[in-house]
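Q: For chain A, the structure is supplied; the task is to place chain B on it using the hints.
Next come the chains, spelled out residue by residue.
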Amino acid sequence: MDAEFSEYISRMDPAIRHHGICTTRFEGVGDWILETMEFREWRSGEGGVDKALLFCSGNPGVGKTYLR
Amino acid sequence: MIDSLCERAKEENLAVAWLYCDHKSEEQAVANMMGAILKQLETRETLKGMRKEYGRGTELDGLLRTAIASLRQVFIGIDALDECPPENLPGLLELLGGIVHEFPRTRIFLTGRPHVKEVIQRHFVGAVEIPICPNPKDIRNYLRMRLERDGKPEAMGNNLRASIGEIIVEKMSDR
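Line order of the protein sequences matches chains A and B. In the working numbering, each residue carries its 1-based index in the first sequence increased by 523. In the working numbering, each residue carries its 1-based index in the second sequence increased by 315.
Okay, chain B solo, but in the shape it has when bound:
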């Protein structure tokens, strides 16, 4: 998805910034996430100017807003929101909500376990949800690829090969 958004970015003065949350990481303070987004919206050159601004006392969220204002549209993606420390979530969503109100073209894309929906909706009433479930066509293609990579293909007859595919796809759709 990130790549498909990035394809259009250069020609249309759009920018895409994304983050991967990871429960193992200790670097997930809101300021840190803001900084990571900012870095992706700026070039080396413009970041120099930002450094000066920051030196003059402009806060990080002010710099982020300046960066967003200079672009026609910004996409911000955050993966695995449920792995972000829960105490940081309200602050992060408040920041994103503020950005969207100030720059209504901004698009936010989040992924996470279903339970984070509740906290998201507190900040984004109109949040649109797409439940991700394994798609049978994807699973079939994926299994074909994995079976082709099998180290001992001769140990598997064509019937077995076919039924592995059928049974797994069937079991997936039962869930």
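Chain A extracted, bound-state conformation:
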């Protein structure tokens, strides 16, 4: 029943996709984002509501999800 409820509220399973990405991604690519001021400020949570959302934009294939 618990599995059913879990299925019931959503059939999306992002962990599968994430695992797929982790095993095929090229290590280290995109790590520069983690060093940007924008990311650090966002992660700290200090900006409150105004700084709550970070949007990484780019055309298809630039490596927003990952690069393999």
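Simulated from the structure, these hints should not be mistaken for lab results. There may be inaccurate statements among the hints.
A few chain A residues facing chain B, derived, Cβ under 8 Å [said to hold, decoys possible]: (1) ARG566; (2) GLY571; (3) ALA575; (4) GLY581.
Positions of the beta carbon are idealized from the N, C-alpha and C atoms, including for glycine.
A: Showing chain B alone in chain A's frame:
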């Protein structure tokens, strides 16, 4: 990025939930996305309690708010927002906006093609954008790795190998 956020999650009572939008998927109603986020914030045990609450008539977004309230900070990541059906985007962003107003420590991370920025900004005026462009150092490392995997390395001289790297990096920065 997800992994780097998750590293700190256990010790600091933080939670990270993420979704990948996919234009091929038909499961991207807002309720479905809410459910997928909720599942990641809950454990098997606490989900049992949630099931009871739900049985008593608490809506999914109420359960999600309860889950977020029980944590010090929640990070929600949604990849490829442009692949989410456009008719569901306003509902999704409204939900996220409501969550952030109620729990100001919540952090939302989105990726998508540049054009979705407009709809994001309707709900998040202060949205911070990082344009992703291929980074020359990343490209160089990546090319080195791909060339090392080449099936016929003997067919490629060192000069050719070096110029492949240079030319591609040069072309990338022209764009």
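Q: Could you tell me which of the numbered hints above are not met by this structure, giving the numbers in increasing order?
A: Result: no hint breaks.
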